[in-house]
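Colleague: Starting from the known structure of chain G, fit chain B onto it as the hints suggest.
Here are the chains, one letter per residue:
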Amino acid sequence: MSLLVEMNDKAMKLGIPLSVHIDVTYRCNERCVHCYLDHDDKGEMTTAEIKNVLDQLAEAGVFFLVFSGGEVFMRQDFLEIVEYARGLQFNVKVKTNGVMIHEYEAQRLRDLGVEQVQLSVYSHRPHVHDAITKLPGSLKRTINSIRFLKWHGLKVTMSNVLMTVNRDDQAGTHALAKQLGVAYTLDPTVTPKLDGDTSILTLRVEEDNLDELFADPDLVGDVEEFCAPPLPPDEDVMEGYSCSAGHTSCYINPYGEVFPCVQFPLPTGNLRSQKFADIWYRSPQMEEVRSIKVKDLTVCSSCSHAGTCTRCPGLAYMEGSMRGPSSSDCEKSFHRTGIPSANMLRKAGLAAGGPLIQIQPIPA
Amino acid sequence: MPDTYIARSTAIAARMLGGEMMIMSAVDSTFFTLNEVATVIWQAADGRTTLSEIIEHRVCPEFEVEPDVARRDAEQFVDELSQHGILLVSDQPILETKSITAEAQ
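Those protein sequence lines, which keep their order, are chains G and B. Okay, so the first sequence: first residue is 1 according to the working numbering, each after it adds one. Okay, so the second sequence: first residue is 1 according to the working numbering, each after it adds one.
Next up, chain G with everything else stripped away, as it sits in the complex:
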């Protein structure tokens, strides 16, 4: 077991929030077609408020800190915030579109000891990327930024979201990452907007694209292992949890509201009127999220994928119940292994109006 896994297990047992994701702003200079945010500023935390939050997070034992947005560099005080965070000895990762990173910003991030910078790139072709970001020239500026960051020795990851509008460019974008010498991640997840609007879900790729992705060793490693049928869930799985949301991690938005995860829009408290420790340890919503074990899930507890599924409780919450299934993860499990999930079988049964499973004795 690696040291990091050991530390994570320890944090889980002690109830320590090891990782926190903070969106310092929702303002952005891009208008990505798949973005789930409202970019209007509805009263962001001030520099002093964010520093106070960081003090509280350090006190609570947070080690990994992700700064994201919106576009983080839309805040003129962003580097001051990073400097303060590094002074508190957080491990800091920054997510950005990079279009405002030039020589100075890259050097400053390096000097501040930022662990990693993750930049969003949706295509290797300018007209495709720029059509997604709706910012002319954005791919060129983002690539320049990657070069500045790499030149200064920072660890850089290029992250792509696979959608209907860029699915044909996946291989080219991956090749661009290799050419630039940076890591590459690909996520086929498009989530509903935070206000509940699901119109952007039409950007989700079709099932055939998932099959292709899961058969690509460049993306998933050992395909046979990745696509192996799930083992029957054992007691450890049933007594375990879906993910770290609310257990060892949480999300803070620009207005000081705290959620179990960036993809889990269940409000648990506000740092403008409450202490972080009070929200983390005593909010009824956090306690409820933490109380849900795999065995408590309404459909997934009977699913053969229970031990290997990437089930997102936040997406399940947006679908109707934090104890229910997350359909997009059901689809991923199915396309990964060829075995339908309990939720898919249930839906098929409901649609057909018949029983889920028919058992017929074999004639003697």
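Because the hints were derived from the structure by calculation, they are not lab data. Be a bit skeptical, because a hint or two may be false.
Every beta carbon over 10 Å from chain B, so not counted as near; a handful from chain G, in silico [unchecked claim]:
id	residue
1	Lys10
2	Tyr36
3	Thr164
4	Leu201
5	Lys293
6	Thr310
7	Lys347
Covered stretches of chain B (in silico footprint by chain G; criterion: 3 or more residues with CB under 8 Å from a CB of chain G, positions within the stretch not fixed) [stated by the list, open to error]:
id	region
8	26-37
9	82-90
Don't be surprised by glycine CBs; every beta carbon is placed ideally from N, CA and C.
Modeller: For chain B alone, kept in the frame of chain G given last:
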């Protein structure tokens, strides 16, 4: 052997977790956890106190260990962390560790 001064680098991330110190190097992402004794040395590494003083005044009384044994273990620990740039070592007081702010100006 001349005595050594040790100071914590600023190019690290660090946090206490259940009595153990977690440290990650911002230079090479190496991850360390320190036991209680090492954590005491780490916390006392202010650049102005010698390793001998740390052992004599902090480690030996708190952990009831013989000075020779404590020194041998401490030197090994300091050597390992200094190789990863996590501890700065000098035969002179380290009055100012590399400040994050100053470095960038």
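Colleague: Now look at each hint and say whether the structure bears it out.
Modeller: These are the hints, each one checked on the structure:
1. Lys10: Contrary to the label, G:Lys10 does not stay out of reach of chain B, its closest Cβ about 6 Å off (not over 10 Å).
2. Tyr36: Check passes; 29 Å lies beyond 10 Å.
3. Thr164: holds, 36 Å
4. Leu201: With a cut-off of 10 Å, G:Leu201 remains clear of chain B, as the shortest Cβ separation is near 36 Å.
5. Lys293: Holds, since 23 Å exceeds 10 Å.
6. Thr310: At about 25 Å from chain B, G:Thr310 clears the 10 Å cut-off, so the statement holds.
7. Lys347: holds, 43 Å
8. 26-37: holds (count 5)
9. 82-90: Per the Cβ count (0), the hint is violated.
Hint compliance for this structure: hints 1 and 9 are broken, all remaining hints hold.
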